[in-house]
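*Asks:* So you can see what is in the structure, the chains are spelled out below.
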Amino acid sequence: MSHHTHAPSADHGHHGEHALPFWRKYIFSVDHKVIGVQYTVTSLLFLFFGFCLIMLLRWQLAYPGQPLPLIGQFFPETQMISGIMLPEFYYQLGAMHGTIMIFLGIVPLAVGGFGNYVLPLQIGAPDMAFPKLNMMSYWLFFIGGVIMLASFFVPGGAAQSGWTSYPPLSNIAPPGQTWWLVGMAFLINSSLLGSVNFIVTIVQLRADGLSFFRLPFFVWAQFVTSFLLLLAFPPLMAASVLQLMDRVAHTSFFMPTGLVVNDQLAQVSGGGHPVLWQHLFWFLAHPEVYVLILPAMGIVSEIIACNTRKPLYGYKALVYASIFLGFMSFIVWAHHMFLTDMGITMSAFFQVTTMIISIPSVIILTTLVLSLWGGSIRFTTPMLFALAFLPMFGIGGLTGLPLGLTASDVHLHDTYYVIGHFHYVVAPGTIFALFAGVYHWFPKVTGRRMNETLGKIHFFFSFIFMNCVFMPMFIQGLAGVLRRMYDPMQYAHAQPVQPLNEFISVSAWLLGLAQIPFIINFFGSIWRGKKVENDNPWQATTLEWTAPTPPPHGNFAHPPVVYRGPYEYSVPNARQDYTPQTAKEVL
Amino acid sequence: MSGHTEAEIKKHVRTYIAVFAALAALTVITVAISYLHLSFGPALALALAVASVKAGLVALFFMHLITEKKAILWLLGFTVFFFIVLLTIPPLFHH
Amino acid sequence: MSSEIRYISHPHPVTGVTNSKLGVWCFLASEIMLFGGLFSALVMLRGGSTNWPHGFEVLNVPLATLNTMVLITSSVTMVLSWASLVRKDLGKYRLYMAVTVLLGLAFLVIKSFEYGYKFEHHIYPSKSTFYAIYFTMTGLHGLHVIGGIIVNAYFLLPGSKLWHKDPEQFTGRIEAAGLYWHFVDLVWIFLFPILYLL
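Protein chains in written order, with our numbering: chain A, 1 to 587; chain B, 588 to 682; chain C, 683 to 880.
Okay, chain A solo, but in the shape it has when bound (with noise of 0.2 angstroms):
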């Protein structure tokens, strides 16, 4: 086996390890992997509540105005009337089911959580460049979090113009607007303290040998994610800036001259442009589409080449088609605004980014599935999770193609057709990813594997659920129903659509359910999972596996040396299927 995992996990540890207390070894915790544990048990938790609100939500689409059963009423009066949910109550639940899943749940899981633990473990660092700037972001994150939560119980009800805020709404909405706008500028510094972080560290902490092609694939997806949220997330900033003073300065950035509101003149100066803000808007949200995918294909990467037991198929590609992708996602953003009135000129020069940049997201997409090609492949429960990615996310690109194209954009905007679209693409797309990944690296976290039975009810109800679900969305949207409806009967075209609504609500709580085995599955592990026989669980190649388990504060006995690439799986003529990145002959 590997030559570094001789050391004993306790001898190795930093010399004021065992000096520190509790709350500065895992409260205020300096060391990456404390952290990355921090980030992943909290995105978790705020995942699945994103999900219980859109699971109440749903009740109102599949029986509209009827009092909803058994926990209705222990809601107050504020939110529901005797089990009828009010429609103030819908909009908090939609736009704050928006905003917690991508910048609470998503987002700090891909990138927090697994960023924070695997990428310096992947590149042989003892930790990340900024410790404490580490330490800070996840507080940073946390506070956002407890503001956002908080929301919910300020007079008048969290944010509810929709996790997009569009002014003039957002402007004229009840303070829990504020609360969202003060809660983002917490979450967007901690992206930034991160993003800062693993920048540095990739580029300045990689082993001894560890050349840029020699990284694994995850490694380069965290380092293009980070550019995005370093330069895409300020903008959003500016603009939160701007609906902040426009919501306690009372100026008119947002509120243009003669805006009417409750039949009313709006009492502003005027002179403002509510376009603006879905510019700033969007050139954050365009760049963190990516943000949410890049570490999930990361993920699937690594999990794929480890469970074919064979390279990558064309990893250059994938490294060069992801900067690609990075670089063009910054020129894309008005692809969201084609009903704004840009001029064809405009529209012209976005539809064709829009068209150019789906071009690497084939070639990744296509680079991972050819690498399945004459694998001996292991169904582990991560590789169902990550083999599943690979359609799901295929069928939410490729739906994406015609709400790039005005022609068709116009009948499609803002339809169902769009939430089906981008839930492809982030929920049995990236979510199946993320779970992959905690199944993957779950060994070398805990020192336990997760059990795989329960794995697979896992994964084969999620499955099927999360297609129940978003399928007929499609269905929904080419009918023309609209999202943000809080009365789906409202309209005529709407109504023979509408027994699609109470099918994807019964499956939406259906998949509820599927997460139980999970929820079980992971606490149960971390106590009672069978005790990994190595440090190498997998015979993976990756650096992160030649660390002890779980690893110490310092990773590493010693810096560890890199002699060759990251997937040299099943070389010609070796002894064993696998050659780990630290060896310096081929095993």
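Among the clues, some could well be false.
[To be verified] In silico SDA-like pairs for lysine to any residue, Cα to Cα no more than 20 angstroms straight-line:
| id | chain 1 | residue 1 | chain 2 | residue 2 |
| --- | --- | --- | --- | --- |
| 1 | A | Lys25 | A | Gly447 |
| 2 | A | Lys132 | A | Ala19 |
| 3 | A | Lys132 | C | Leu844 |
| 4 | C | Lys774 | B | Arg601 |
| 5 | A | Lys132 | C | Ile832 |
| 6 | C | Lys774 | B | Phe607 |
| 7 | B | Lys597 | C | Leu777 |
| 8 | C | Lys770 | B | His599 |
| 9 | C | Lys809 | A | His250 |
| 10 | C | Lys774 | B | Ala594 |
| 11 | C | Lys809 | A | Ala266 |
| 12 | A | Lys132 | C | Arg688 |
| 13 | B | Lys656 | C | Val696 |
| 14 | C | Lys774 | B | Thr592 |
| 15 | B | Lys656 | C | Thr697 |
| 16 | B | Lys657 | C | Val696 |
| 17 | B | Lys657 | C | Phe709 |
| 18 | B | Lys657 | C | His692 |
| 19 | B | Lys657 | A | Phe327 |
| 20 | A | Lys132 | C | Glu686 |
| 21 | C | Lys800 | A | Ala249 |
| 22 | B | Lys656 | C | Phe709 |
| 23 | B | Lys657 | C | Thr697 |
| 24 | C | Lys770 | B | Ala594 |
| 25 | A | Lys132 | C | Asp848 |
| 26 | C | Lys770 | B | Arg601 |
| 27 | C | Lys809 | A | Arg247 |
| 28 | C | Lys809 | A | Gln267 |
| 29 | A | Lys25 | C | Glu686 |
| 30 | B | Lys656 | C | Arg688 |
| 31 | A | Lys132 | C | Ile690 |
| 32 | A | Lys132 | C | Phe709 |
[Stated by the list, open to error] If you want the ones that stay clear, here's a sample from chain A, every Cβ over 10 angstroms from chain C, calculated:
| id | residue |
| --- | --- |
| 33 | Glu77 |
| 34 | Phe142 |
| 35 | Pro175 |
| 36 | Ile356 |
| 37 | Leu372 |
| 38 | Pro402 |
| 39 | Gly404 |
| 40 | His411 |
Since the hints were made in silico from the structure, they are not lab data.
All residues carry an ideal CB built from backbone N, CA and C; glycine is no exception.
Knowing the structure of chain A, use the given hints to seat chains B and C on it.
*Replies:* The following block gives chains B and C in isolation, referenced to the frame of chain A:
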């Protein structure tokens, strides 16, 4: 920054003082131009030109970009490109 | 020692920079995009406006010119404080850094006179989009100045203990703090003509 000789540092300090003098002079110039009350186009062009020279002096000499390493220049190159995109495209299509 | 983070005091052999220098440049890249968003807003609002006032007719140009000079001077004292450290002269460093901090405070005092004058005449951000963007941008810039003063004051007093332990790391920190301070100056160099002189 290791490896600076005493003479080099002295030269650097002289450069900093010269840059400072140039910045002060350019500030006076740009204010003086504003008192001419030119029409908007030329006024904008002149003001931005002077500001760019001043910013260039600060970035090149005070921030040492003139001798900076490639990694940082690449980073800034990308940033400036996206900055220009952000600055130019939104105003281009909504009037 | 396996658990030590490399390239804190000494530059990486390939990239040629220390962690802190690369980190602060990444941070500044992000800041460029933050102010980019605000400048973009300014261009869009002004482009769509029919009666945008001339800055020199409604704002106090002499005070702002003085403030520009103050900030430029503080930038040069900042870089001189770093140069003093390279010459291993901690006393000179202290002197220049103290001047930098004082000039930063002077900037804020002058700025508060400007704000106070406006508030006295009941001119608030809500008066017009011009004042909205003026107060927002100068206010955000002012917050950056406050942040810089705090960092510089820290390195002037308690933070300078590091000099005796690791002079190179300390010099690197002052260089990083300097980069930030020059950036704050640089933002003002654009804000001043765009808001006051056009």
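*Asks:* Just to be careful, I want the Cα atoms of Lys656 (chain B) and Val696 (chain C) compared with a cutoff of 20 angstroms; is the pair within it?
*Replies:* holds (10 angstroms)
*Asks:* For Gly404 (chain A), is the shortest CB-to-CB distance to chain C above 10 angstroms, so the non-interface label stands?
*Replies:* holds (23 angstroms)
*Asks:* Are Lys132 (chain A) and Ile832 (chain C) close enough, with their CA atoms no more than 20 angstroms apart?
*Replies:* holds (18 angstroms)
*Asks:* Between the alpha carbons of Lys132 (chain A) and Arg688 (chain C), is the straight-line distance 20 angstroms or under?
*Replies:* holds (15 angstroms)
*Asks:* Can you confirm whether the C-alpha distance between Lys800 (chain C) and Ala249 (chain A) stays at or below 20 angstroms?
*Replies:* It holds: about 15 angstroms lies between the C-alpha atoms, which stays within 20 angstroms.
*Asks:* Holds or violated: are the alpha carbons of Lys809 (chain C) and His250 (chain A) at most 20 angstroms from each other?
*Replies:* It holds: about 9 angstroms lies between the C-alpha atoms, which stays within 20 angstroms.
*Asks:* Checking one constraint from the list: CA of Lys657 (chain B) to CA of His692 (chain C), max 20 angstroms. Satisfied?
*Replies:* OK: Lys657 (chain B) and His692 (chain C) at ~17 angstroms, within 20 angstroms.
*Asks:* Confirm or reject the statement that Pro175 (chain A) sits farther than 10 angstroms, beta carbon to beta carbon, from all of chain C.
*Replies:* holds (18 angstroms)
*Asks:* For a C-alpha distance cap of 20 angstroms, please report whether Lys132 (chain A) and Ile690 (chain C) respect it.
*Replies:* Distance of about 14 angstroms is within 20 angstroms: holds.
*Asks:* Is Glu77 (chain A) truly not at the interface, in the sense that its beta carbon sits beyond 10 angstroms from all beta carbons of chain C?
*Replies:* Its Cβ never comes within 10 angstroms of chain C, the nearest being 34 angstroms, so this holds.
*Asks:* Holds or violated: Lys657 (chain B) and Phe709 (chain C), Cα atoms, limit 20 angstroms.
*Replies:* holds (17 angstroms)
*Asks:* Verify the proposed pairing of Lys809 (chain C) with Gln267 (chain A), using a straight-line Cα cut of 20 angstroms.
*Replies:* holds (11 angstroms)
Violated hints are absent here; each numbered hint is respected by the structure.
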